[in-house]
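Visitor: As you go down the protein sequences, you meet chains C and R in turn. Each residue of the first sequence is one higher than the one before, counting from 1 in my numbering. Each residue of the second sequence is one higher than the one before, counting from 1001 in my numbering.
Zero decoy hints are in this set.
Some, not all, of what chain C presents toward chain R, calculated at C-beta under 10 Å:
(1) V148
(2) I160
(3) N161
(4) L234
(5) I238
(6) T242
(7) K246
(8) L250
(9) A258
Below, a list of computed lysine to aspartate or glutamate pairs in the DMTMM-like style, where the Cα atoms sit at most 20 Å apart:
(10) R:K1097 x R:E1066
(11) R:K1097 x R:D1210
(12) R:K1238 x R:D1191
(13) C:K71 x R:D1253
(14) R:K1097 x R:E1069
(15) R:K1268 x R:D1365
(16) R:K1238 x R:D1253
(17) C:K185 x C:E129
(18) R:K1238 x C:D66
(19) C:K185 x C:E202
(20) R:K1097 x R:E1209
(21) C:K71 x R:E1245
(22) R:K1268 x C:D66
(23) R:K1238 x R:D1190
(24) R:K1268 x C:D262
Just so you know, the hints here were simulated from the structure itself, not pulled from any lab data. C-beta: ideal position from N, C-alpha, C; glycine also.
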Amino acid sequence: MTDVAATEIDREAARPTSRAAVRPPRGPDRDRIGPVVTYVVLSLAAFLSVFPFFWMVVGTTNTSFDIVRGKSWFGDQLLVNIRNLAEQVDLPRVLFNSFYIAIISTVATLLVSSLAGYAFEIFRHKWRERIFAALLLMLSIPFAALMVPLFVMMAGAGLINTYAAIILPTVANIFVIFYFRQATKAFPHELRDAAKIDGLKEWQIFLRVYMPVMRSTYAAATIIVFTLTWNNYLWPLIVLQTNDMKTMVLTISSLNSAYTPDFGVIMVATVITTLPTLVIFFLLQRLFVQGMLGSVK
Amino acid sequence: MTTVFRRSLFASTAVGLLAGPALAQELTVWAWDPNFNGAAMEAAAAAYQEAGHPDFVLDYQEFAREEIEQKLQTQLAAGTMDGLPDIVLIEDYSAQKFLLSFPGAFQPLTDVIDYSGFADYKVALATVDGETYSMPFDSGVTGLFYRSDLIEQAGFTAEDMQDLTWDRFIEIGEAVTEATGTPMISLDIDDPGLFVVMLQSTGSWFFNEDGSLNIEGNEDFRAALADYQQILQSDMWKPVNSWAEYQASLAGDVASTVTGVWITGTIKAAEMPGQWAVAPIPRVEEAANGTNYSNLGGSSWYVLNSSDDKELVYDFLNTVWGSDVDFYQDILVGQGAVGSLLAAREGDAYQTSDDYFGGQPVWQDFSSWLGQVPAVDYGIFTYEVRSAIASNLPALADGGDLDEAIGNIAAEAAVLTQ
Chain C
1 MTDVAATEID
11 REAARPTSRA
21 AVRPPRGPDR
31 DRIGPVVTYV
41 VLSLAAFLSV
51 FPFFWMVVGT
61 TNTSFDIVRG
71 KSWFGDQLLV
81 NIRNLAEQVD
91 LPRVLFNSFY
101 IAIISTVATL
111 LVSSLAGYAF
121 EIFRHKWRER
131 IFAALLLMLS
141 IPFAALMVPL
151 FVMMAGAGLI
161 NTYAAIILPT
171 VANIFVIFYF
181 RQATKAFPHE
191 LRDAAKIDGL
201 KEWQIFLRVY
211 MPVMRSTYAA
221 ATIIVFTLTW
231 NNYLWPLIVL
241 QTNDMKTMVL
251 TISSLNSAYT
261 PDFGVIMVAT
271 VITTLPTLVI
281 FFLLQRLFVQ
291 GMLGSVK
Chain R
1001 MTTVFRRSLF
1011 ASTAVGLLAG
1021 PALAQELTVW
1031 AWDPNFNGAA
1041 MEAAAAAYQE
1051 AGHPDFVLDY
1061 QEFAREEIEQ
1071 KLQTQLAAGT
1081 MDGLPDIVLI
1091 EDYSAQKFLL
1101 SFPGAFQPLT
1111 DVIDYSGFAD
1121 YKVALATVDG
1131 ETYSMPFDSG
1141 VTGLFYRSDL
1151 IEQAGFTAED
1161 MQDLTWDRFI
1171 EIGEAVTEAT
1181 GTPMISLDID
1191 DPGLFVVMLQ
1201 STGSWFFNED
1211 GSLNIEGNED
1221 FRAALADYQQ
1231 ILQSDMWKPV
1241 NSWAEYQASL
1251 AGDVASTVTG
1261 VWITGTIKAA
1271 EMPGQWAVAP
1281 IPRVEEAANG
1291 TNYSNLGGSS
1301 WYVLNSSDDK
1311 ELVYDFLNTV
1321 WGSDVDFYQD
1331 ILVGQGAVGS
1341 LLAAREGDAY
1351 QTSDDYFGGQ
1361 PVWQDFSSWL
1371 GQVPAVDYGI
1381 FTYEVRSAIA
1391 SNLPALADGG
1401 DLDEAIGNIA
1411 AEAAVLTQ
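Isolated chain R (complex conformation) (with noise of 0.2 Å):
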């Protein structure tokens, strides 16, 4: 459908007639996962239908991640953007990516968005030379999500769970998992996400800002990693061998976990109201400039150059996503998801307590949080860093060599970054 109407768009516009502003009213947009980006996209077009724009129409259409971005890689290497979508989501570690191998696919936004208003660390992954790419969306800003039942049967307040370092977090982990007989947090062995997050808390990442590996003699990463090897080879973890199952640990399974602020829905679908509490997350104390706030995943919005009306574009984008509050409380509210855009905290929604987390004002408190981290550049090969760190966790897991790992670690990223 779209692309016989987009045909007769360039037909229509060939022939010099230019097409009317009922037809142009149309935006083609690309994400996944209905109930989140999706139902986040269609709260935005009725935003922006209320704002004085009842012709809009929101042509939104499915697709996994990788499978966009797969996609957008095939089509734009083949040079034709036949029925691609005014506006595509990607993820932020794969941002510099696109942005780096298919110059000019995409629009520069730096003159038409106030990127002022918006979490720092969100602004920077999307830039390149000075431009910026992208409309931040989902923030992955991270907490530590605990038990406060269990963590009280063991001795401790809530305070002791403030401010923390990762060697006093594998401390009380240990004591929790103990005295409740519940592991203090489940991971997966071949998923480093946790240690991503911990690096990107001390401001360092895995590569130069020219793009070269910075692994070996990178403080920063030997300082995480440490903390990281310290709680594989502690007793208070439970091993998961998947997503899913990571997911289904948390109801009931385990004591605490650290990631993205997204996973609060999963927490809620557990349905122990009043059990569980959020605080920072620990902090990597030996790096320099250790912080106790990271992210973990996330997303934002990038307009294709090939998109046929970008004023419409950037109309769409900055009524609703670039200023309207309101609209943030909404997605808050509907899909528990957290925008990047710092003036939603002001809105009700984020002022509110929740029971579920014993009245605590979670969200200010992520919102907060959320300026707080600490900006990286992610580059083009997070995932091929990723998968060489995974590939030599179990080692050190069995108590490896630390410097052995990550000199193993960088030759693997290595050979594939090449």
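The shape of chain C in the complex, shown without the other chains (with noise of 0.2 Å):
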């Protein structure tokens, strides 16, 4: 969403600027100073959004001690503090349990919930929109509440400290389930039509014609899911009893609370942890955005 604003933004901002280069300046410097304040209000906010990121950056290349006293320049503490997160933490487990974990919930939710969606706005049904106002009503209920009845019911189902117990609740997603049945309505029911009368029954519509069609909205869902599932922090915490099923989320809360924390290696963590989902989000950046604005072509 960010970078659509940003593109519009850019493009107005350069407009004048060509424009400028065309046609002669009517008032005094009034063309040329526009676009300068533009260009130095776009840098301030380009910088303070991108300045986290940097610090974080150059946090891996310092001792924690520099970090403290806000050294913002880069160190050469990358390899030591590398090292030193490789000594304190199993990474190619813990990544391993991130990766499987938000892996096989993105999967599982995106098919899941997006049957969901599909099913509530092309089925038609008495009950129909009472059942998604409870729904909806659903999503008021803070996470804190629900946790003492799940963690009953997944001691009662033996699955206390398994993926299972981690991936299970976040299948169903309510809001996921919002946002595909209101993607579903700009779906061109006449595809689906056209499908019936070529004899494909549901589930191949819904795999070959629903799915390929709603192809951005799946991107679009995939970088919501995927960042929350791999984001998650309570309830991996609360259901997850030994360090060797730990996620990088919960590792990095560990590695804090040390009562001398070690912020370079807390940084390489954070960095660690942070790349997989600006990955996917580049590499479904372009689906993103259309699946943001509602468009199907």
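Relying on the hints, combine the two individually framed chains into one complex.
Guide: This is the structure we're talking about:
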């Protein structure tokens, strides 16, 4: 979303300059000051939004002491920090846990929730709107209130300290169902009718027609769900009991809990944790923007 | 892994096949800070193995302090003990909250451990209705750490730093700040830690015995807060915004700090050998029972009632934590951890003097102060009252009326502790 806004502002900002190049200036310096102010404001905004990332990356190269003292340029401690992190944390295992949970959750959530969203929009049932309203109401229940009953359920099922205990509660994601239902409103019903005439069954329509057509919606949902599950903290904390099941986010939290936290190590862990969500975002960026605009081609 | 292990253990017990002794030699422990608590527990496990239990296995699981509290709270509220550890570390300020909120969840150890060998105040804080529940671990016995070179530069001697009152400390502090240009202390105005230290040194706390608030009308509280307001209004302190910034300030930005013994490692990390010394903290003069001893932080081990091999837990705790003086030397040298077992001070490591502190026998000093820390009941709502205090400190720093501030603190605390 930010990127859409940024591109549009950029375009507007660029326009006066190009015009200025073609046309002689009318008022004294009028067209020159405008863009300067725009660029100054934009640069400032860009700096403010990029600075935390910059500082995080700079932090990976400095000692904990320098970071606390506010040193904001690159140092030579990167390898030391990486080595310390690798010594303190079983990185391959923790990364595997994070990826495993995030990927399985994302695939399962998209599948189940998009099926639900599709069904809510396409099929008519006298209870449809009431059930949907009830679902939306449930969105307002804070997770803290669900935590204890959920724990009792998981303990009853013997799932404490398993991947399933983290993945299962995310699969039916009400927000994603809502999101798919809204997006499905723009799905041309003629396509479904045509597919039916061609003899496709409902599940074939969903797989072969709906899914390809809605790919930008899926892309947007992928980013949202992956980020949510990747960054999920509270529930995994409660339900995971051992170090070998921990995710990256939980690991950063324990690193931070030392009486004398090593911020260099924490910064390295933070960068590693941020990278996957960034990569996914950039890979799916174009589709994400379309998905957010709700356009279906 | 543990869960699988435990489940198989339950299952085998259920069908009447008692688990073999080899299996039963494992204990699961939850704690935070692998370099401090974790390392101390690992050292204890090694000591236990050497003491004739070569099959003993420690299963150490790392969680942040708040995380352990959150996990315990959720799980105990859910009423399921599935996957809980045998031993868990709980911060002393939170102990009463857990013991009172979840009766039956923790195992009383009164008949298991001989508490007469431990610092009184550590035992008192884990005692409910005559039953004590903890194996006391690290102490937060406080000291006044000061830069001997800067103090000297301002014309004071080590003797001037002994047996201080806060009034005198502020006098010295302002003189040092003026003479050297280095502020006497650094303070995070959002963290009332120093005030909490001052209050405990008077033997008083936020609560009465029945758990009701003891703020308005508490003369000790008023006296300590009056001294604290004087500090806030003096020119001798440098503001810091976080714990990390506070720690960093000890490396040359301030001439002293009053805090728990666990800061020693941080002070030594600043690599200023011979420039530091330690004295007992200043006293709240107006308090009836004001002492120069107090405590900040510290934590203790608790045994979960769900532990399936309590005999092993008891033997492990008693053999190592309850009596092994050599083990306490190891964790003092290795982790800088000052335990609460009073006999530990007879060991070699406690006897040595430290060149970093100008040859002062700092560990002997700390361990003799340890036995004199006034015992108080931290109650259930220590952190709630702390936040009520913190929100009124800026007003005090601006010269606000003391009694009005106490009234506000009491009112806010009453809401927060309802």
